[in-house]
Structure formats: structure tokens, C-alpha cells
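Undergrad: Below are the chains, spelled out letter by letter.
There are 2 protein chains.
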Amino acid sequence: MKIIGLQENLKQALSIVGCATSKNINLPILGNILIRAKDNIELITTDLEIGITHQLRGKIEKSGEITIDAKVFGEYVSLLPNQKIEIITEEEGEEVEVNCENYKTRIKGQSAKEFPLIPSIKKENQFKVKRNDFKEALSKVVFAVSNNESRLELSGVLFTFIDNQLVLAATDSFRLSEKKIACQIENQNQEERIIVPVKTIQELIKILNNSIELTEDSQEVLIYISDNQILFCLNSTELISRIISGQYPDYKQIIPEKNKSRIILSRAELLRAVKASAIFSKTGINDVGLSCSKDRVLISAASGQVGESSVELEAKVIGDDNDITINYRYLLDGLNSIEGDKVVLEVIDANAPCVFKPEKDESQLYIVMPLRQ
Amino acid sequence: MKIIGLQENLKQALSIVGCATSKNINLPILGNILIRAKDNIELITTDLEIGITHQLRGKIEKSGEITIDAKVFGEYVSLLPNQKIEIITEEEGEEVEVNCENYKTRIKGQSAKEFPLIPSIKKENQFKVKRNDFKEALSKVVFAVSNNESRLELSGVLFTFIDNQLVLAATDSFRLSEKKIACQIENQNQEERIIVPVKTIQELIKILNNSIELTEDSQEVLIYISDNQILFCLNSTELISRIISGQYPDYKQIIPEKNKSRIILSRAELLRAVKASAIFSKTGINDVGLSCSKDRVLISAASGQVGESSVELEAKVIGDDNDITINYRYLLDGLNSIEGDKVVLEVIDANAPCVFKPEKDESQLYIVMPLRQ
Chain A
1 MKIIGLQENL
11 KQALSIVGCA
21 TSKNINLPIL
31 GNILIRAKDN
41 IELITTDLEI
51 GITHQLRGKI
61 EKSGEITIDA
71 KVFGEYVSLL
81 PNQKIEIITE
91 EEGEEVEVNC
101 ENYKTRIKGQ
111 SAKEFPLIPS
121 IKKENQFKVK
131 RNDFKEALSK
141 VVFAVSNNES
151 RLELSGVLFT
161 FIDNQLVLAA
171 TDSFRLSEKK
181 IACQIENQNQ
191 EERIIVPVKT
201 IQELIKILNN
211 SIELTEDSQE
221 VLIYISDNQI
231 LFCLNSTELI
241 SRIISGQYPD
251 YKQIIPEKNK
261 SRIILSRAEL
271 LRAVKASAIF
281 SKTGINDVGL
291 SCSKDRVLIS
301 AASGQVGESS
311 VELEAKVIGD
321 DNDITINYRY
331 LLDGLNSIEG
341 DKVVLEVIDA
351 NAPCVFKPEK
361 DESQLYIVMP
371 LRQ
Chain B
1 MKIIGLQENL
11 KQALSIVGCA
21 TSKNINLPIL
31 GNILIRAKDN
41 IELITTDLEI
51 GITHQLRGKI
61 EKSGEITIDA
71 KVFGEYVSLL
81 PNQKIEIITE
91 EEGEEVEVNC
101 ENYKTRIKGQ
111 SAKEFPLIPS
121 IKKENQFKVK
131 RNDFKEALSK
141 VVFAVSNNES
151 RLELSGVLFT
161 FIDNQLVLAA
171 TDSFRLSEKK
181 IACQIENQNQ
191 EERIIVPVKT
201 IQELIKILNN
211 SIELTEDSQE
221 VLIYISDNQI
231 LFCLNSTELI
241 SRIISGQYPD
251 YKQIIPEKNK
261 SRIILSRAEL
271 LRAVKASAIF
281 SKTGINDVGL
291 SCSKDRVLIS
301 AASGQVGESS
311 VELEAKVIGD
321 DNDITINYRY
331 LLDGLNSIEG
341 DKVVLEVIDA
351 NAPCVFKPEK
361 DESQLYIVMP
371 LRQ
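Chains as they are written, first to last, in the working numbering: chain A, 1 to 373; chain B, 1 to 373.
To be clear, the hints were calculated from the coordinates, so they are not data collected in a lab. Certain hints may be false.
Copies of the same chain are indistinguishable here, so a pair counts whether it falls within one copy or spans any two.
Here are the computed lysine to aspartate or glutamate pairs in the EDC-like style, where the Cα-Cα straight-line distance is at most 20 Å [stated by the list, open to error]: (1) LYS2 <-> GLU90; (2) LYS122 <-> GLU346; (3) LYS104 <-> GLU312; (4) LYS180 <-> GLU220; (5) LYS104 <-> GLU314; (6) LYS360 <-> GLU269; (7) LYS113 <-> GLU92; (8) LYS260 <-> ASP323; (9) LYS104 <-> GLU308; (10) LYS275 <-> GLU97; (11) LYS104 <-> ASP295; (12) LYS282 <-> GLU75; (13) LYS206 <-> ASP321; (14) LYS199 <-> GLU101; (15) LYS275 <-> GLU308; (16) LYS206 <-> GLU8; (17) LYS2 <-> GLU308.
Just need the whole structure built from these sequences, with the hints factored in.
TA: Structure (C-alpha cells):
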């Protein structure tokens with residue numbers, strides 16, 4: 001194999017495919033990148049759950065393939081000058097020669113034959129979303145995924161494709177985050193519901209943040225689904241992942257339909273007040289109280305060891321006076337994910353789930369179960 | 001006590017004095033800040049080795065003193081709006097009331113009587129250095145301090161005051177860094193040599209980075225010495241520290257006076273080449289080879305597991321061809337600390353200490369013992 005590419009392209013490609021490599025004592029080749037030069041130059045990695053394939057722009061002088069340690073190669077390439085890099089292997093060789101100007105290296109590799117197969121999916125029944133919408137939406141739900149391993153179905157983000165919308169939802173049963181974005185759906189006969197592992201979502205966010213591609217095509221992400229795999233196509237990068245089997249809880253039924261108090265206030269002020277109050281919440285309980293009455297919300301916390309705090313904020317309160325106690329971590333997560341200057345808080349009572357959402361936007365919802373007092 | 005100060009001043013003050021607080025199970029009050037309002041408002045912390053006193057600008061409405069948890073108070077104040085903050089305690093009280101606009105808090109404190117005394121030094125025999133010179137110089141030597149606890153005298157930076165110079169030196173016996181700066185010395189009769197603990201130096205660097213004070217006075221640091229303490233005065237902040245007793249090795253004798261090869265090359269290129277080669281150095285040995293011959297230096301490394309690398313750099317070589325093997329970590333530390341575009345490397349042979357220094361600057365020196373081959 002002999003291929004030639006630009007350092008900046010190779011560096012970006014390695015940081016994209018690097019996501020899916022893993023340290024595995026039984027299968028050390030999973031720490032390697034498969035470099036394959038045939039019709040195109042492809043860089044491929046997998047941790048057996050996720051597979052990433054990236055097409056590298058460059059020139060193939062001789063086809064071939066080899067695998068090489070992702071960390072060593074990535075670190076080395078990132079230090080090279082931004083010039084042409086030559087990557088050469090002998091036929092059947094297990095070493096890669098990398099040359100770039102005055103830098104010459106031989107890196108030990110391993111035969112491509114040892115590398116696991118990446119599954120493939122037929123590209124039919126396409127779902128198409130806007131790249132930026134998708135990236136934002138993923139980051140608005142991923143934090144709410146459960147890290148309790150006993151409920152596997154909650155360890156991923158639920159994708160529901162319905163009525164030209166993609167609805168993303170995640171919950172750990174204490175709080176739930178939901179975000180809807182527009183989605184072009186080909187041949188839709190019925191609703192599709194799929195649970196995508198949280199690790200896949202995290203890698204997807206990294207890749208979406210990493211690969212700045214400004215052509216028209218690159219503004220969209222194409223999604224394809226098979227029985228147990230999901231494929232995301234982002235211009236020159238493809239990520240394939242297993243799907244979590246199992247029944248996602250019917251979360252729609254816990255979304256409150258009514259409320260007794262509707263509070264509208266500055267998101268930044270509430271965020272600051274919750275952070276300051278959190279210092280005085282009880283260790284391990286993390287309780288912060290919110291009390292609303294006419295025109296104001298009082299945020300308060302008290303612990304025997306540290307002291308007590310109260311912050312009064314101006315707010316528009318529609319409906320009854322109300323009190324609720326919430327884990328401040330859930331509050332901060334929610335407030336950080338909601339868009340806009342104002343946040344709407346809908347409360348029934350101290351024991352019912354309460355709802356946070358942006359002021360004039362029905363596409364986003366964050367629901368928290370209060371702490372019982 | 002009742003004092004009033006601006007949030008931004010208090011926040012800065014707390015981040016400065018916060019350096020010297022410590023978690024101490026036997027003496028939990030060391031995690032507190034002493035707030036004392038008498039002639040001035042002083043914030044004081046100590047870990048029994050270092051004491052920091054900072055004068056806060058503000059108004060004293062009623063004098064008094066109290067101690068309060070540094071972490072809680074620091075975090076809380078950093079979240080407050082940049083407005084006036086009122087700090088109030090009852091006489092003999094053990095609670096602090098903090099009010100700032102719509103934020104009201106009561107924080108548990110502890111009586112000031114329990115707080116350890118900060119030692120003081122007579123302000124005579126002053127040493128005066130330029131603040132920026134001093135900050136830069138400290139950061140150019142501190143990394144070379146030994147972390148081997150069996151040689152206490154190497155666990156600090158040596159300050160030598162002589163001939164209107166302050167000479168800073170640090171070594172861990174594998175490498176040595178020395179930096180000289182101008183110093184106004186009052187009543188100097190003889191050379192003063194003092195070992196300042198590395199922790200003091202680290203806190204001093206933090207404080208120098210933290211407190212941006214732009215008055216004329218604040219451009220200088222005054223230093224005073226007693227038998228077992230050293231005092232640094234930086235405008236509104238004073239840091240007092242114990243001194244390490246013991247005899248610092250006479251390091252001057254290991255500074256080579258001659259060399260066989262003098263190499264001048266780009267510091268940035270050498271840094272990059274060493275970083276790239278480091279990937280291929282042997283684990284635990286960290287060896288990188290430098291070979292100079294006419295007009296060039298070859299940087300190389302090879303490990304059985306990873307592969308091998310060589311980088312050829314243009315250089316001006318005066319004298320013999322030469323080979324030397326160095327721990328790349330020491331090389332990177334030195335190259336990062338040396339100023340200027342070009343670095344000078346002076347080599348005797350593979351077993352003698354070699355010298356790195358800036359091209360046209362005799363104030364700085366970095367010496368490394370090579371790895372024996």
C-alpha cells in the first residue's frame with residue numbers, strides 16, 4: 001500500500017475514528033485503526049458495539065490494507081507539519097512507514113486480516129435530519145440517560161420517528177428530557193421506535209462537533225435502521241451501532257397535562273440562584289426549595305453544617321402559590337439544556353412531576369420528579 | 001462586625017487567600033478564612049507552613065473578627081452579582097450573615113480566637129524585585145524541584161541574593177534549572193542563601209498570576225528574611241513561609257565550563273521533534289537520542305513494541321560531531337522553560353552533563369544529565 005494525504009485531513013480523520021477504538025486485553029487489535037486503500041482510502045475502527053468508517057481524501061499510489069495502533073498514529077500525526085504525508089506498507093508486511101518532510105517513522109502494525117468485520121445495513125428507508133438540529137437535540141437529552149445498569153432499556157436514548165419528526169427522549173426515572181426535530185421520512189408506514197446506546201450518542205456528538213464540513217451535503221445526517229443496527233451517515237463519515245433491545249417505558253403518560261402554577265422567569269437568574277443555593281443543600285440529598293407566590297420565586301436551601309441561603313427572583317406567576325423541593329443537580333441539568341432567555345416552570349404540587357420548557361417553543365420538555373418533603 | 005465590599009474585590013481576595021487553606025482533620029479551622037476588620041479589612045489563611053494576609057478594599061461599619069469556611073464562602077461569593085456585599089456577625093457570634101441584593105445567606109463560622117497566629121517578620125533588610133521578572137523566573141525553575149522526600153534540601157527553590165541579583169535554582173539531581181534576575185538589595189554585607197519550599201513557590205506563582213494590580217507600587221515584590229521565615233509583600237497581599245533548613249548542594253561545580261559541540265537551532269522545531277520522537281521512546285526509560293554533525297541534528301527513538309522514528313533538523317553546529325541520549329521529559333521541561341526562538345545546546349560527550357540556554361541571554365541555564373547508553 002502507498003497512499004498520500006494532507007496532514008490536516010489525516011489528523012481530523014484520526015480524531016474522528018479514534019472515538020470507537022478501545023483497550024481490550026483479549027482483542028488488542030480493537031485499539032488499532034484499519035487503513036484500507038482500494039477504491040477510496042478508508043479509516044475504520046470498532047469496539048464491537050460501534051463501527052466508524054471515514055473516507056480520507058488523498059491519493060492511492062498502490063492499494064493495500066493494514067492496521068496500526070490508533071493512539072500512537074494519532075498522536076504522531078498530530079505533531080507532524082501540515083504537509084503531505086506518505087503512508088507505505090510492504091505487501092503482507094506488518095509495519096507502516098510514515099514520511100512527512102524531515103520526519104520519518106516506522107510503526108509496528110498488525111495484519112488487516114485479524115480486524116473484525118464491520119456490519120453493514122441496506123441503505124433503504126432513509127431518515128434525513130439537519131445536522132445542526134440533530135447535534136443540538138442529542139446534547140439536550142443525552143445527560144438524562146440512566147447509568148443504572150439494571151434497567152438496560154433506559155441506558156440509551158429513545159429515537160421515535162413519526163409524522164416527519166424525530167423525537168429524542170432520555171430518562172433515568174427521576175427526570176426526563178425530550179426534544180423534537182424535523183425529519184424527512186421516506187416510505188413511512190408506521191412509527192419507528194429505537195433505543196440507541198448512550199455511548200453511541202456520545203461518540204456521535206463528538207464526531208458532529210469534530211468534523212466541520214461545509215459542503216451542502218454535509219449539512220444533513222442520513223439515518224438507516226435494520227433489525228438490530230442503526231447507521232448514521234455524515235458525508236465522509238459513517239457510524240454504525242447496535243440497538244438496545246427491550247421495551248422503552250411509555251413516558252408520555254407521565255407528562256402532566258395540567259398545572260396549578262405556571263411560572264415564567266429568567267433562565268440565567270434561576271441558574272445562578274440554584275448554583276448559589278446548592279452550596280447550602282443537604283449533602284447526599286441535594287435539596288433546593290422553590291416557592292412561588294405573586295410576582296416572585298424564592299429559592300432556598302439549608303443544611304445544619306454549612307448554613308442557609310435564600311434568593312428572591314422576580315417572576316411572572318400564573319395560578320396558585322406553590323412549593324416544591326428538587327434535587328439541584330437535576331435542576332441544573334435541565335436549566336443548562338433549555339434554550340432561550342426565559343424558562344417556563346409548571347407545577348402541580350410538591351409530589352407531582354414538574355415541567356420545565358422554553359418560553360415559546362413546544363419542541364422541548366424537561367420533567368423532574370420532586371423530592372418528597 | 002459589619003463590613004461592606006464589592007463582589008469583584010472580595011472574589012479576587014478569596015481566590016488569593018484560598019491558596020493557603022488546607023484540609024486538616026485535627027485542626028479543621030485551617031480550612032477557614034479569618035476575616036478581621038480593625039484598621040483595615042484583612043483576610044487571613046494559613047496551613048501552618050504558609051500564611052497569606054490580604055487587605056480587602058471596603059468599608060468597616062463595625063469592627064470585629066470571625067473565621068468562615070474558605071471553600072463555601074469562596075464558591076458562594078463567586079456566584080453573587082457584582083454588587084456591594086454586606087458581611088455581618090454578631091459580637092461573640094459564630095455565624096456570618098452575607099447579603100448582596102436579592103441574595104441572603106447565613107454561613108456557620110468559628111470564633112477567631114481558635115485561629116492560629118501568623119508569624120511576623122521585621123521589615124528590615126529589604127530585597128526588591130520586579131514583579132513580572134520574579135513571576136517568570138519562578139516558573140522557569142519550579143518544575144525542576146525534586147519530589148524525592150528523602151532529600152529535604154532539594155524540595156525547594158534556592159534563592160541566592162548576591163551582587164544586586166537574585167539567583168533562583170532548582171534541581172532533582174538529574175537536571176538543574178537556574179535563572180538570574182535583577183534585585184535591589186539593602187544593606188547587603190554578604191551573600192544570602194535560602195531554600196524556599198516548593199509549595200510556597202507554587203502558591204506565590206498562583207497569587208502573582210491572580211492579582212492583577214496596575215498601580216506603580218504593585219509592579220514590585222518586596223522580600224524580607226528572618227532566621228526561619230521569608231516574607232513576600234505584593235502590594236495588598238503578604239505571604240509568609242517557613243524556610244527549609246539544610247545545606248543546598250554547591251551546584252555551581254557541576255555546570256560545565258567547556259564543551260566539544262555547540263549547537264544552535266530552532267526551539268519550536270526541536271520541541272516538536274522531541275514530542276514526536278517521545279512516542280517511540282522505550283517505556284520507563286523515555287530515551288531520545290540527539291546526534292549532531294555538520295549543519296544538522298538527528299533526533300531519534302526506537303522501541304521494540306511501537307516502532308522507530310527519526311527527525312532531521314537544520315542546525316548550526318560548532319565543534320565536533322556528538323551523540324547524546326536524554327530523558328525526553330527533562331528535554332521538554334527545559335525547552336518549554338527557555339525563552340526565545342533559538343536554543344543553544346552545549347555537549348561534551350555522552351556521559352557528561354549538557355547545557356541548554358537561550359541564544360543571547362546569560363541569565364538562564366538548564367543542565368541535564370544524559371542517560372548512559
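Undergrad: Which numbered conditions among the earlier hints are violated in the structure presented, ordered from lowest to highest?
TA: 2, 13 and 14
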